[in-house]
Structure formats: C-alpha cells, structure tokens
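Numbering (the numbering used here), first residue to last: 1 to 431.
Hints are computed from structural coordinates only; laboratory data are not their basis.
Note that beta-carbon positions come from the ideal geometry of N, C-alpha and C, so glycine has one too.
It is possible that some hints are incorrect.
With beta-carbon atoms standing in for the labels, derived distance ranges [what the hints assert, rightly or not]:
1. Ala-263 with Ala-187: 43 to 49 Å
2. Ala-315 with Ala-376: 27 to 33 Å
3. Gly-390 with Ala-201: 20 to 26 Å
4. Glu-277 with Ala-161: 48 to 54 Å
5. Asp-42 with Asn-77: 46 to 52 Å
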Amino acid sequence: MSPVFGLSLRSIVNRRLSVALTVIAVALAVALLIGVERVRTDARAGFAQTISGTDLVVGARSGPVQLLLYSVFHLGNATNNVSWASIEHVAALPQVKWLVPIALGDSHRGHRVIGTRAAFFEHYRHGEGRALVFAEGRSFADAPAQVAGLFEVVIGAEVAARHGYRIGQQIVLSHGSLGGEGGPRFADHADKPFTIVGILARSGTPVDRALLVSLEAIEAIHVDWHGGAPIPGVKIAPEHVRKFDLQPKSATAALVGLNSRTAVFRVQRQINTYPGEALTAILPGATLQELWSLVGVAEKALLAVSALVVAVGLAGMVAVVVASLGERRRELAILRALGASPRQVFALLAVESLLLALAGIALGLALLYGAGALIAPWLAAEHGLQLNLGWPRAGEWRLLGAVLAASLVASLVPALRAYRYSLADGMSIRM
Numbered sequence: 001m002s003p004v005f006g007l008s009l010r011s012i013v014n015r016r017l018s019v020a021l022t023v024i025a026v027a028l029a030v031a032l033l034i035g036v037e038r039v040r041t042d043a044r045a046g047f048a049q050t051i052s053g054t055d056l057v058v059g060a061r062s063g064p065v066q067l068l069l070y071s072v073f074h075l076g077n078a079t080n081n082v083s084w085a086s087i088e089h090v091a092a093l094p095q096v097k098w099l100v101p102i103a104l105g106d107s108h109r110g111h112r113v114i115g116t117r118a119a120f121f122e123h124y125r126h127g128e129g130r131a132l133v134f135a136e137g138r139s140f141a142d143a144p145a146q147v148a149g150l151f152e153v154v155i156g157a158e159v160a161a162r163h164g165y166r167i168g169q170q171i172v173l174s175h176g177s178l179g180g181e182g183g184p185r186f187a188d189h190a191d192k193p194f195t196i197v198g199i200l201a202r203s204g205t206p207v208d209r210a211l212l213v214s215l216e217a218i219e220a221i222h223v224d225w226h227g228g229a230p231i232p233g234v235k236i237a238p239e240h241v242r243k244f245d246l247q248p249k250s251a252t253a254a255l256v257g258l259n260s261r262t263a264v265f266r267v268q269r270q271i272n273t274y275p276g277e278a279l280t281a282i283l284p285g286a287t288l289q290e291l292w293s294l295v296g297v298a299e300k301a302l303l304a305v306s307a308l309v310v311a312v313g314l315a316g317m318v319a320v321v322v323a324s325l326g327e328r329r330r331e332l333a334i335l336r337a338l339g340a341s342p343r344q345v346f347a348l349l350a351v352e353s354l355l356l357a358l359a360g361i362a363l364g365l366a367l368l369y370g371a372g373a374l375i376a377p378w379l380a381a382e383h384g385l386q387l388n389l390g391w392p393r394a395g396e397w398r399l400l401g402a403v404l405a406a407s408l409v410a411s412l413v414p415a416l417r418a419y420r421y422s423l424a425d426g427m428s429i430r431m
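Sequences are here, hints too, so could you generate the full structure?
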C-alpha cells in the first residue's frame, strides 16, 4: 500500500461522520441515475414489445402510427372500417398462418370494448412472447349456438380492479367510445347485458384496460340499430337475436401472423396494393419504435435531471472536502514539514475524493439492486414492467465511468487548493 493511499484511508476514517454523509449523497445520486437509465431502457424494451408475435397489423388506409394507436393501444378512432370480404381475402393468403379480427366502437365506463375471436387469447403475445393468462374464469364462446353464451365478456385486470367486478356479474356496454367514466356516450345497450366469464391477469398492456367480447355479440347488440343509432320504436329482445344474421359485416383492424417472417414484406406489399379496398399493413415492431421516438423526449429529460442530481452530489462532496481544508491546514503543513512534496499533498486530496466517489458508486449500486429486488415483483404485477436486475449494461458502465471521471475532475478543486498552501501559511497563527 502506497503512503498516499494509506494516509487517505486514515484521513477518511478520522472524518467518518462527514465522509459517511458525503458517500450517502453520492450513492443516492448514483442510484437515481442508474435506476432511471435501467427503467428507461426496460420501459423502452417493454413498450417495443407491447405486442409481439404479430407480424402485421391490417386496417383501413391511414398512417402507420394512427393504425397502431387505435388497433393496439385503443387510442383514437379508425378513419374507416375494413369490409369482411377484405378480412377474408387477407386470411386466405397462402403466407398467412392466422388472422384475428378486432372491432372497436363500443365502451364500458370509459374502457374500450374489443370485439374479436377467442383465438385472440391464443395468438396475442407481449414482452418476450408471453401469452395472456386468465386470473379467473375462461374465454367467451366463439359463435355460440345458444343465446346464453352469446353475451359473455372477458375483462382486463385493471377493469376488474377499478370497478370491483367478479365472475358472474352482469354489465352493460355503451355505444360509442367518447370520454371516460361518466363522460359522454351515445346510448347504453341496457336491454342486452353481458355476463363476466373471465378476468385476465395483469399484463402491463392496453388489454388490461379493455373488455373483450365475440364479434357475434357486437352484431347482436346492434341488430335493432341502423346508421349508428337505435331504430325508433324497435326493440329486439336478447332471446330473439339468433333469428338474425350475426355474421360480421366489417372489422376495425386485424392482427396477422405469417407462416414465415421472411415473407412479411411481400405480404405487406400485397395488402397495401389490394385492388378491392384501400388497406394499410404495418409492421408493429417498426411502428412502435417510430412511436417511441415521438414520445421518448420525456425519458431524455428525466435522464438529464438525474445527471444534474449526480452533479449536485459531486458538488456536495467537493464542498465537504474544501470545507475541511481549513481545519486540515495544520495537518497538511506538518506533512510538508515531514518531507511531503506539494505533489504528494495534491495526490492525497485527489485520492480521498476518488475513494469517496468509488464508495458512493458501490453503495449506490447496492441500494439500486436492493430496491430493485423489492419493487421488481410489484412493477411486474401492477404495471407489467419487467425490471432487469442483471449486471450493469454497457450504457450503465459508461454512465458510471462518467461519474468517476467527473469526480476526478471535481477532486482537482480541493487538491489544487491544498497544493497552493504553503508551509508558512499552515504553521502561522491566525488571529
């Protein structure tokens, strides 16, 4: 052990209270910086995997981001519906392995209602290929023969938690999707209530905030409607809806899976140039990245704030070391008298600052992993955010290196001041 390093350790131990407070300040700043970076990275990865395993999303001709917003995130409305003939045409393409249509337009207390097939629960994937899981109950029946099985609904975890719904309860859907709970809506389908048959486990996707019913059920609640409004004087009871053709006439969009992903661009081009109807097919992964580039400004701002916190922590460390110089003038002067060169005094202060920074980084990582281990299960269960608790990634190592480099630069301030103290100044008696 070099004399300078040994003296630095003894000096730190001698000032352990102020040093401990400084290390804690640096540790909190480092934990915040790396924590924000990790959450930012994992949130971005989770956002990009809001929907996975789906090769194409097909809808009426519109912009890619708009199609993604209303079909996957259930935000906004479609410019137009897709005819059922076009849905069947896409499903019949030889490269298409599966197709799940979705129909939007109804709501329940501010939550979107999705008309779809039971295959939605089989093919919808999120994250690293994770499927939707039922916390309770089962899927609704696909094209049931009995009316009793027609008006079944599966609800997302957030819908169930927010309203306290349970299996077997009956709820009423509303036509239209304007506003939130208590907001404006066109009319309630009160004459055709739905029974909750399934509650999905929390997935951290927009499905948590949705209600899912069969496409036939969407047609059934609108048999006595025309042009988006109830037919005056006409009321068709639920037990009579089976007498009508409940084959869907159109869909809002469709999720498509292919036999081979190498054919994705060819199929996309075939759909986009389909002469029967103006359609748009998008790659959800690429469009999610485009959407993130639009909304990802906040993450950069948050990272900048964390960097400022680190700067404040390092400034506090410098302030503590500089403030202690006034008390240590005599100590430094004695070292000079015993033969220590100005360079050794400079190195002593620089090594002390670096040791404090290293201790702060180590403690900050320990705090980060400890807090991460505690909140990771909650984040996964409540928000669907999978927090990675592995070793620091390359970007995090770069941030830690930047913190260490910044601490080295910051240590030059007290080190230079100590370097300039003269022996006479240190040994003189000041009144």
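Okay, Ala-263 versus Ala-187 on CB: inside 43 to 49 Å? holds, 44 Å
Confirm or reject the claim that Ala-315 and Ala-376 have a C-beta distance inside 27 to 33 Å. holds, 32 Å
Is 48 to 54 Å respected by the C-beta to C-beta distance linking Glu-277 and Ala-161? violated, 40 Å
Is the distance from the Cβ of Asp-42 to the Cβ of Asn-77 consistent with 46 to 52 Å? With Cβ atoms ~31 Å apart, the hint is violated.
Assessment of proposed distance window 20 to 26 Å (beta carbons of Gly-390, Ala-201): The hinted range 20 to 26 Å holds for Gly-390 and Ala-201, with Cβ atoms some 25 Å apart.
Hints 4, 5 from the earlier list are contradicted by this structure; the remaining hints agree with it.
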